[in-house]
Amino acid sequence: AQKVTQAQTEISVVEKEDVTLDCVYETRDTTYYLFWYKQPPSGELVFLIRRNSFDEQNEISGRYSWNFQKSTSSFNFTITASQVVDSAVYFCALRDSNYQLIWGAGTKLIIKP
Amino acid sequence: KAGVTQTPRYLIKTRGQQVTLSCSPISGHRSVSWYQQTPGQGLQFLFEYFSETQRNKGNFPGRFSGRQFSNSRSEMNVSTLELGDSALYLCASSLGGEDYNTEAFFGQGTRLTVV
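One line per chain: the protein sequences are C and P, in this order.
Residues in the first sequence are numbered from 323 upward in steps of one, following the numbering used here.
Residues in the second sequence are numbered from 2 upward in steps of one, following the numbering used here.
Chain C on its own, in the form it takes in the complex (with noise of 0.2 angstroms):
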């Protein structure tokens, strides 16, 4: 069965730290793929990044980066020199041959001036 596990439920951290979002999945599928949204207060999903299960490189975009790794089942996801705008809450997401997007339960990400 897949399922997608975000161990931590809330994290806080002064701005300009660095801070890392955990993600783990399971799946059977051999090609899936796996989505980070960020949720602000509005109730809006925002797109941040797809990977696919064969493409193992990491991927920095400005301030955020992702780590993929296979062997241990994880997608986590670091910012780096927070900002308070990052406050939010944080999703990770798995779709396989399933169509359907199946979701962590968020980490609410608070960043304190």
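There's no promise every hint is true.
[Stated by the list, open to error] In the DSS-like style, the derived pairs of lysine-lysine whose C-alpha atoms are separated by at most 27 angstroms in a straight line are:
1) K360(C) to K58(P)
2) K392(C) to K325(C)
3) K392(C) to K434(C)
4) K325(C) to K14(P)
5) K360(C) to K338(C)
6) K338(C) to K430(C)
Please keep in mind that the hints were generated in silico from the structure rather than gathered at the bench.
Quick caveat, the model's predicted, so the values are computed rather than measured.
Use these hints to put chain P onto chain C, whose structure you have.
Leaving out everything else, chain P in the frame of chain C:
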């Protein structure tokens, strides 16, 4: 390009009533998915429509139904509302097709409160 539009944004209904929520996907997107988000259960998949056909369905009772029109717009309906149906209902739009790797773009959601 316009984003995903969900209407209405807020709804208050009484137990036992029914409700219809609407979603207009991004132009050119043929897949529409619906999700329920609650503090207790998190984000849960309701169903997905592609080219007017329901392609996948989550574990929700039959009171939850949906449909998709030829212009890809979608509606979901909840009949005989219960207090536990209070939630944020999110609609997601994607290109669809057999390729399931495309990212989904979400609307701002409809916040339903059942009293």
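Hint-by-hint comparison with the structure:
no.: 1; hint: K360(C) to K58(P); in the structure: holds, 24 angstroms
no.: 2; hint: K392(C) to K325(C); in the structure: holds, 15 angstroms
no.: 3; hint: K392(C) to K434(C); in the structure: violated, 33 angstroms
no.: 4; hint: K325(C) to K14(P); in the structure: violated, 33 angstroms
no.: 5; hint: K360(C) to K338(C); in the structure: holds, 19 angstroms
no.: 6; hint: K338(C) to K430(C); in the structure: holds, 17 angstroms
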